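S.K.: Letter by letter, the chains look like this.
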Amino acid sequence: MQIVTPELGLIFWQLVIFGIVLLLLRAFAWKPILSSLKERESSIEGALRMADQAKLEMQELKAGNEKLLAEARMERDRILKEATDVSNQLIEQAKNKATEEGSRMILQAREAIQNEKNMALAEVKNTAAKLSIDIAERILRRELADQPAQQQLVDSYLKEVKLN
Amino acid sequence: MKRLLLAIFCFLSFAAYANEPTATTEEATDKEAFSPGEMILHHIGDSHEWHFATLGDEAHGTHVTIPLPVIAYRPAQGLSVFSSSQLAEGKVYNGLKLEHEHLVSEDGSKVYDFSITKNVASLMLSAALLLVVFTAVARGYAKRGSGAPKGIQSFFEPIIIFIRDEVAKKSIGPKYERYMPYLLTVFFFIWFNNLMGLMPGGANLTGNIAVTLTLAVLTLLITLFSSNKNYWHHIFATPGVPKALLPIMIPVELIGIVVKPFSLMVRLFANITAGHIVILSFISLIFIFGSVTVAPVTLAFGLFINMLELLVAILQAYIFTLLTAMYIGGAVEEHHDADYQMGGGDGADTAHAH
Numbered sequence: 001m002q003i004v005t006p007e008l009g010l011i012f013w014q015l016v017i018f019g020i021v022l023l024l025l026r027a028f029a030w031k032p033i034l035s036s037l038k039e040r041e042s043s044i045e046g047a048l049r050m051a052d053q054a055k056l057e058m059q060e061l062k063a064g065n066e067k068l069l070a071e072a073r074m075e076r077d078r079i080l081k082e083a084t085d086v087s088n089q090l091i092e093q094a095k096n097k098a099t100e101e102g103s104r105m106i107l108q109a110r111e112a113i114q115n116e117k118n119m120a121l122a123e124v125k126n127t128a129a130k131l132s133i134d135i136a137e138r139i140l141r142r143e144l145a146d147q148p149a150q151q152q153l154v155d156s157y158l159k160e161v162k163l164n
Numbered sequence: 165m166k167r168l169l170l171a172i173f174c175f176l177s178f179a180a181y182a183n184e185p186t187a188t189t190e191e192a193t194d195k196e197a198f199s200p201g202e203m204i205l206h207h208i209g210d211s212h213e214w215h216f217a218t219l220g221d222e223a224h225g226t227h228v229t230i231p232l233p234v235i236a237y238r239p240a241q242g243l244s245v246f247s248s249s250q251l252a253e254g255k256v257y258n259g260l261k262l263e264h265e266h267l268v269s270e271d272g273s274k275v276y277d278f279s280i281t282k283n284v285a286s287l288m289l290s291a292a293l294l295l296v297v298f299t300a301v302a303r304g305y306a307k308r309g310s311g312a313p314k315g316i317q318s319f320f321e322p323i324i325i326f327i328r329d330e331v332a333k334k335s336i337g338p339k340y341e342r343y344m345p346y347l348l349t350v351f352f353f354i355w356f357n358n359l360m361g362l363m364p365g366g367a368n369l370t371g372n373i374a375v376t377l378t379l380a381v382l383t384l385l386i387t388l389f390s391s392n393k394n395y396w397h398h399i400f401a402t403p404g405v406p407k408a409l410l411p412i413m414i415p416v417e418l419i420g421i422v423v424k425p426f427s428l429m430v431r432l433f434a435n436i437t438a439g440h441i442v443i444l445s446f447i448s449l450i451f452i453f454g455s456v457t458v459a460p461v462t463l464a465f466g467l468f469i470n471m472l473e474l475l476v477a478i479l480q481a482y483i484f485t486l487l488t489a490m491y492i493g494g495a496v497e498e499h500h501d502a503d504y505q506m507g508g509g510d511g512a513d514t515a516h517a518h
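Protein chains in written order, with the working numbering: chain A, 1 to 164; chain B, 165 to 518.
Just chain A, same shape as in the assembly:
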């Protein structure tokens, strides 16, 4: 029966000592332990969340970069195409201009040649006229003296002219 009879002394000491242990452990062990556990858990959770966020941001950044790159490529292609167009146009223009200039120059040259020719013809005509006049003068002068000689002279002059 003794073992199921609680003793007053032990109850008293159990209450006192357990109470002291409870208060001391609460202050110096459980509170710091539980709070640091909580802190650690929240820090781990935070770190994980941050890692996820960083991953997401990274992906966004990568996607952005790719988009930028694609845009740049498109821009480059566009610029290149524009440049080719412009250069083709320029070449075409230059060609047209050159052709125009050429034909203009040819025309001018032709005109000049024509002028020269006309002038030359005029001169020939003048010279021929002068010569004719000279010849006519000489013939006229000889005719007065000798008929056959006159004839001979005309022939010789004609020969001269032919030779010329």
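I should point out that these hints are in silico values taken from the structure, not numbers from a laboratory.
In this text the structure is predicted, and so the values were computed from the model without any measurement.
The reader is advised that the hints may include incorrect statements.
Stated by the list, open to error - Stretches of chain B that chain A covers, calculated by requiring three or more beta carbons in the stretch to come under 8 angstroms of a beta carbon on chain A:
hint: 1; segment: 239-250
hint: 2; segment: 273-281
hint: 3; segment: 295-305
hint: 4; segment: 374-388
In this text, a Cβ means the ideal position worked out from N, Cα and C, and glycines have one as well.
Since the structure of chain A is already known, use the hints to place chain B on it.
M.R.: The following block gives chain B in isolation, referenced to the frame of chain A:
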């Protein structure tokens, strides 16, 4: 943990060694006098001195004991404090003597015994151990902050987290934080003392009804002081019970309040005491048979039970803590939780009606 187990093993082997010669000498002097019941009750009971072994026979041998202070209060004489060695072997000191480990006065007047008995000394030891161990654990947190745990800290951390997550959070709910210090202290107090009780020469503290009574009463008080309106509503007007049955239900519920901690008290006391009795009974078999040849068998069984007791030590601590948490959880449960449960019941009923 390995070191702890090793230490326990060492102590166990020491127990076998220490018990044997003592008892064999006892047996050698008078075979008839060995009474296992008496020996076992002596071992599981409290004592005013801390007895380790007796070298030689009971009457003339040397008792290896630590005398403990006796603190007695008598209304007439007041407080008297002296060493328990003054009372050894039935001596009378200051009008006080020991009768079956009970402090009584010669003249039969009332004595209040506040002695530092073996159990109280063991209690103080365990208190010191708890303080040393858990302040060391707390220091680990202070040092490493939210870094990875190390050493003793990493051994106790999973247990603390288990108590918090599996016991407190699940049984009490969102208000668990207030009760964590009590739950953790109770758990480690019971576990440590169970283990200390398994050591040779250790006191059977958690197998003492005064200790389990105190713990159970503390649980009851905490439950009552944290109880809310809803808890009392359930007791005095149990929902779903016809009014006519209330005169029966109210006493039943009121008894229930007391029965819960009572079961806590008896469960821990009986489990630990029973374990000790079984181990001691196996060892007693050697002396009952009066032969050393049974020793290997009984020691093997004793060792097996001792291993089992190591499991029981933590199991009982867990059960006590879990049930305490559940009782507290029942007392702090919010009304809507109960409504939700009732709603579920109603739903089931209507489903049944369909």
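S.K.: Of all the hints numbered above, which does this structure not satisfy? Sort the numbers upward.
M.R.: 1
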